[in-house]
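From first to last, the protein sequence lines stand for chains Y and F. For the first sequence, this note's numbering begins at 1 and goes up steadily by one. For the second sequence, this note's numbering begins at 1 and goes up steadily by one.
In case anyone wonders, no lab produced these hints; they're calculated from the structure. Since the structure is predicted, the reported quantities are computational estimates derived from the model, not experimental observations. Just so it is clear, CB atoms sit at the ideal spot from N, CA and C, and this is done for glycine as well. Hints may contain errors.
Said to hold, decoys possible - Derived Cβ-Cβ restraints for the label pairs, each shown as a range:
(1) Y:E197 with F:L63: 31 to 37 Å
(2) F:L5 with Y:P79: 52 to 58 Å
(3) F:A150 with Y:E197: 53 to 59 Å
What the hints assert, rightly or not - Capping the alpha-carbon separation at 25 Å, the derived lysine-lysine pairs in DSS-like fashion look like this:
(4) Y:K170 with F:K147
(5) Y:K23 with Y:K105
(6) Y:K92 with F:K95
(7) F:K147 with Y:K6
(8) F:K147 with F:K127
(9) F:K189 with Y:K170
(10) Y:K105 with F:K3
(11) F:K95 with Y:K23
To be verified - Some chain F residues flagged as far from chain Y (calculated, every beta-carbon gap over 12 Å):
(12) K46
(13) I106
(14) F115
(15) D132
(16) G178
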Amino acid sequence: MKLTLKIWRQKNATSKGAFMTYKMDDVAPEMSFLEMLDALNKKLVEGSNEPVAFDHDCREGICGSCGMYINGHPHGPVPAVTTCLLSMRYFKDGDTVWIEPWRAKPFPVIKDLIVDRSAFDKIQSAGGFISINTGAAPEANSIVVPRKDSDNAFDSAVCIGCGACVAACKNASAMLFVSAKISQFALLPQGRVEAKERVRAMVDKMDELGFGNCSNTGACEAECPKQIKITNIARLNREFYKAF
Amino acid sequence: MYKVLFSSISKKFVMALAGLFLILFLPVHLIINFMLLKNDPGPFNKAAHFMATFPIVKIIEILLIGAILVHVFYGIFLQIQNWLARPVGYVSGSKSETSFFSKFMIWTGASVLTFLILHFFNFYFIKLGFVDGNPEDFYSVAHGLFKIPAYNYIYLVCFGILGFHLFHAFSSAFQTLGLNHRIWTPVVKVFAWIYAIAIPAGFAIISITLWQFR
């Protein structure tokens, strides 16, 4: 299939970027989106041109590196998949595909489609952990956890920190990410011990880094490749109120 | 303390509480306005007089003005922060599935505020003595205003916009307050839709009746 790619090219963090147009004549429907970009880069390198820089690692939807904004959607138009798992069969012959980096002040562009997502690491470092000596793994059933709670905690813990929620939100809010990280601990007895300090520290850091404020539009939930629910945001709010 | 008052969640919490308080006031205002449909100015003017003089209502009035100011101040403050959080937008726009009315809250809110200022000039500032008029006969003032076609156009458009604002505002306030529930959240959403249609429709019926049928 033939595609026209409009890709954001930016030499480095300080330079001014622009969209460049590339024609692809031989895109196979069984390719993944990243394989399609690999094919483009191969062509660019063979023609002694600078390849398109994009982040990627596991290519199986669990590392959260491969975020890019495709045709008005983070990770592309297919729900519940990351860019690396987005199949080219969802595009039609002759399509024009716009590919942009995440846009948010706390996620500055480093090069082309790569953004600096260390803001998420800073939020995690502020309180997204349990302060205990790890040692040997304790007996799993020594603290009894209701099945419903453990399931809900796991549903929150599947957040891969890709930043699609920030990219999708019209306010560039990180509330879905923070709420998932808060919820995975808040629902378990081990996480309750430091619950107040954790929520205060993580929300403070989120605000300090310049993310926007949640206005409950639901765009984050609709675009999250791991289908994290905005009920987590309501829980984050409750945890925050309880912390004072 | 600064962090507590000005954290993103605290600002939203205050906005939600202030918004819900304003939402609660709307049906009270609507019930009083329905008295405008009577040919006798007595009941409406008595109700207006009661609202202007009864001590508990005076306290609620101060809270109401405070709620409007807080809601507007935090609304603008949050919106500016939101704009600053994305200095460069997307060329391909946003095609994310999202609550339609939530996209325009600042603009629908600004429109409602503009109407509120007009409304204050027409009624509330007369009561305070800032503008000339008889505060004991708001019935005649209201009937006079509803005879002006341009006033009715503005009135109807603004209440349509208020409905748009309420569609999102009502259920959003519950989510912000952390009041999310498997069974009750869908009920709140349905009630929000009914409320967002019924309240503006009630005000619109009064406007149209006095304009076209009296």
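A quick look at each hint next to the structure:
1. Y:E197 with F:L63: 31 to 37 Å: holds (34 Å)
2. F:L5 with Y:P79: 52 to 58 Å: Given a distance of about 38 Å, which is not inside 52 to 58 Å, the answer is violated.
3. F:A150 with Y:E197: 53 to 59 Å: holds (58 Å)
4. Y:K170 with F:K147: violated (42 Å)
5. Y:K23 with Y:K105: Violated. Y:K23 to Y:K105 sits at ~31 Å, over the 25 Å cutoff.
6. Y:K92 with F:K95: holds (18 Å)
7. F:K147 with Y:K6: Violated, at roughly 57 Å.
8. F:K147 with F:K127: holds (21 Å)
9. F:K189 with Y:K170: holds (22 Å)
10. Y:K105 with F:K3: Distance ~21 Å between Y:K105 and F:K3 Cα, so the pair holds.
11. F:K95 with Y:K23: holds (24 Å)
12. K46: Its Cβ never comes within 12 Å of chain Y, the nearest being 41 Å, so this holds.
13. I106: violated (9 Å)
14. F115: holds (22 Å)
15. D132: holds (41 Å)
16. G178: violated (4 Å)
The earlier numbered hints that this structure contradicts are 2, 4, 5, 7, 13 and 16.
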